[in-house]
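Engineer: If you want the building blocks of each chain, they are given just below.
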Amino acid sequence: MDRRTLLAGAAAVPFLPRFAVAQPARARTLRFVPHANLAVLDPIWTTAYITRNFGMMVHDCLFGIDADFEPKPQLAEGIAFEDGGRVATITLRADIRFHDNEPVLAKDAVASLKRWQKRSPMGQYLDTLTEELVALDDRRLRYRLKRPFAMLTAALGAINAPLPFIMPERLASTDPFQQIREVVGAGPYRFVANEFNSGSMVVFERSASYQPTPAAGQGLLAGPKVAHFDRVEWHIIVDAATAAAAVQAGEVDWVENPPPELFPLLRRNRQVKVEPLNPLPLSGILRFNHLQPPFTDKRIRQAFLPAVDQRDAMIAVVGTDSDLFKTDVGVFTPGTPLADDVGLEPLKGPRSVERARQLLREAGYANQPIRLLAPTDIATPAALSQVAGDMFRRIGVNLDMVMMDWGTAVQRRASREPLDRGGWSALCTAFDAFDFLNPAAHFPLRANGAGAWFGWPEVSRLEALRDQWFEAPDLPAQQRIAREIQQVALDEVVYVPLGSYIQLTALRRNIEDRVVGPPIFWNIKRG
Amino acid sequence: MFAYTVRRVLATIPVMAIVALFVFSLLYIAPGDPAAVIAGDQATPDDVERIRASLGLDRPFLVRFGEWVFRILQGDMGVSIFTNLPVTTMIQQRIEPTLSLMVLTVCLAVSVAIPLGVLAAWKQGTIIDRAVMGMAVLGFSVPVFVVGYVLAYIFALELDWLPVQGYTSMTEGFWPWLENLILPAIALGGVYIALIARITRATMLEVLSQDYIRTARAKGAGQRSILFLHALKNAAVPIVTVVGIGVALLIGGAVVTESVFAIPGLGRLTVDAILRRDYPVIQGVVLLFSFVYVLVNLAIDLLYTLFDPRIRY
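One line per chain: the protein sequences are D and Z, in this order. Under the working numbering, the first residue of the first sequence carries the number -7, and numbering increases by one thereafter. Under the working numbering, the first residue of the second sequence carries the number 2, and numbering increases by one thereafter.
One or more of the hints may lead you astray.
As the list claims (entries may be wrong) - Far from chain D by the CB rule (all over 10 Å, computed), these chain Z residues:
no.	residue
1	Leu22
2	Val38
3	Leu105
4	Val143
5	Gly221
6	Ile275
To be verified - Stretch by stretch, here's where chain Z covers chain D in the computed footprint (C-beta under 8 Å, at least three residues):
no.	stretch
7	162 to 176
8	229 to 237
Said to hold, decoys possible - Distance windows between CB atoms, simulated:
no.	chain 1	residue 1	chain 2	residue 2	range
9	D	Arg78	Z	Phe66	50 to 56 Å
10	Z	Leu296	D	Pro95	37 to 43 Å
11	Z	Phe292	D	Asp222	55 to 61 Å
12	D	Gln360	Z	Ile183	21 to 27 Å
13	Z	Gln75	D	Lys110	34 to 40 Å
14	Z	Thr90	D	Pro410	39 to 45 Å
Derived by calculation from the structure, the hints in this document are not laboratory data. Glycine residues also receive a C-beta, built at the ideal position from the N, C-alpha and C atoms.
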């Protein structure tokens, strides 16, 4: 052996463990960059999407909706209705276990559902209907309702945060406004607590005790959930350019949410594919504060509609590729059963700032200040706020556009005070496709005054329609009520829809069979 | 000397107390609400209120401050509002990457900047001097994140020599540890190198014009001996001072560098905590940084006695 060979061999020694030993382990590991840092581990305590996604990894529900929004059994084996639908008995699958190897019992499901029913909008409605929710034995739990509720299984399988995850009773009996400190789930992956480093890394391992449901179903939360990876690592990379570089270099397999400006760069790399994360689009909104003038006046809220251009807003969010956004969007997610174009006339057709000015004059706008809360550090609300600010300026209103970080914005939007005491007039944000599927989970559509989402509209007709929707016996009835809801919501300008957009995701080309929707880690595998 | 050191260590107590009061007050009056961040975008105002109450954030300033000080005196920095983990645990998780990055950067900067500064002073007015000073201006002018992106593009994406991002603990091997830190250390060290090189050059020029240097030359001392034994040692005090001041620069720069290279260090922890208003974490990290800075300054003061025997405490 000559000197050069010896030196080259010696120089390669530090690399050996990485290539010779670590490589197979790397192949069995999926490395994912989520859209945000995971800080809170209790998916009932917070409605943050990142915690919902975490919950879907480690927890499971009794039911799960499929790609057609039909609920299918997951931890449940089945459900039997009696007494005209007032009594529902849910039977759990045999031999399902939590990650601590304890069996999943009916008492666990009861405690979990009771906690969820205090926090979820759908759950809260179910709570008002529930006379009794008890465990009959280890495998059976029973709902006794005040009246039949056709959407019971849909509610128990919903994908809107917070999901009705089943946890051990000892944890689920925690106050719903207190954070659970321990993670014990019954889902396909087990959370590895000792490797958790918030802001850096979240680690999951395939749960040895998890048995996929034998029930049929495909897409979203339904059907057998097969974990193909031994280990899933969430690498928290806050810098989008770094995350994009990491997926190009093969250091990670999947970046959930690269920003639009990086799409061309990622598409140029042959090892990376860029595709819609979810075929259903997210929705942007402009919310007025109904408690503060001038937006206490319905005519003034309506006056802005001729100037609202959904196309402008969507281009600001995802760029000019018209395949990535939809305009003429109402209050429900386009492409879902309740979406309709009824009542959209003020938002369609040629846009006119002059018409908006005229309507404002006629409505008696007296140059009151309009304070737009404009976060700068979260891309979509920042882009929507810029477009809204520009619209307000072009109309010529007395605009006070306040730039701030998201942490400040979420505090200030909670203020019901007048503007001279720190209040606000308008804000922009965006919601996940599943939040706008139906009136149950649709936060900005609530119009129950002080109990409503920030902006606090009060429209009794809208609330009555929502209640009617819950009672609707079938889809055609739901659709009829949903159309009326949209008409009333747009007439009252509960909020202004700013269009819908598709979120793209970037994966290494050898990652296959991803379940479309939010980031879901079962069934996905390395080709 | 011992008495001086003890006095200086004791003097850190009131300094830390002032920092603690300042940080706590600043966070109290700063806008933002962790309860609103926790609750998420879909939560109602009532949900936010109930979470705020459950976290004790609705209690008066003095009560919260008193509790916090009481805990700090017992060595307890509190628990993160979000993760429920003790702040000390979170700091322990993050201290190694930051310490590694800073130590490597200081080593790199000192080993590059001082020879460059000496060289520039020795070759004053030549193309070498101009080149070194030109690089120093560049180091000051180009932001850390730009240097970081350019380095990552060239050495990670194009040449595939080094990883784009991440951190590997030294317990997993020296090379895996080093390869993740080379680019961040160069990016972070740019300003630091520029600062030390300029100060070294300026101080060396002053020292090289002193009479005793001329005497040394007249006695036939070699150039290397003049530069490194006679001149550099006498120029060391201002250089060491700048190295110490530069630690503050590094702490600030580490925040950006750790974000660009996805290094899970204290800088990232601080930014994350600020963005979501995780008060106990912010307070803990700022106190730690202040303590480190006070200690570094003490170490610099003590080092003066090594380089200049005339200095006595």
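Engineer: Against this structure, judge whether each hint is valid.
Structural biologist: Comparing the hints with the structure gives:
1. Every Cβ of chain D is farther than 10 Å from the Cβ of Z/Leu22; the closest lies at roughly 23 Å, confirming the non-interface assignment.
2. Listed as outside the interface, Z/Val38 is inconsistent with that label: its C-beta sits roughly 6 Å from the nearest C-beta of chain D, within the 10 Å cut-off.
3. Residue placement check: Z/Leu105 keeps its beta carbon more than 10 Å from all beta carbons of chain D (closest about 17 Å).
4. Against the 10 Å criterion, Z/Val143 stays outside the reach of chain D, whose nearest CB is about 16 Å from its own CB.
5. Every Cβ of chain D is farther than 10 Å from the Cβ of Z/Gly221; the closest lies at roughly 42 Å, confirming the non-interface assignment.
6. The claim that Z/Ile275 lies off the interface is violated: its Cβ sits roughly 8 Å from the closest Cβ of chain D, which falls inside the 10 Å cut-off.
7. Requiring three or more residues with a Cβ within less than 8 Å of a Cβ of chain Z, the coverage given for the stretch 162 to 176 of chain D holds, as 5 such residues are present.
8. Counting residues of the stretch 229 to 237 of chain D whose C-beta sits closer than 8 Å to any C-beta of chain Z gives 7, which meets the bar of three, so the coverage hint holds.
9. Here the CB-CB span from D/Arg78 to Z/Phe66 is close to 55 Å, well matched to the stated 50 to 56 Å.
10. Between Z/Leu296 and D/Pro95 the Cβ separation comes to about 54 Å, which falls outside the hinted range of 37 to 43 Å.
11. Separated by about 42 Å at the C-beta atoms, Z/Phe292 and D/Asp222 break the suggested range of 55 to 61 Å.
12. Take D/Gln360 and Z/Ile183: their Cβ atoms lie about 58 Å apart, and the range 21 to 27 Å is violated.
13. Between Z/Gln75 and D/Lys110, the C-beta spacing of about 35 Å keeps the proposed range 34 to 40 Å intact.
14. Between Z/Thr90 and D/Pro410 the Cβ separation comes to about 44 Å, which falls inside the hinted range of 39 to 45 Å.
Comparing the model with each earlier hint shows violations of hints 2, 6, 10, 11 and 12; every other hint is respected.
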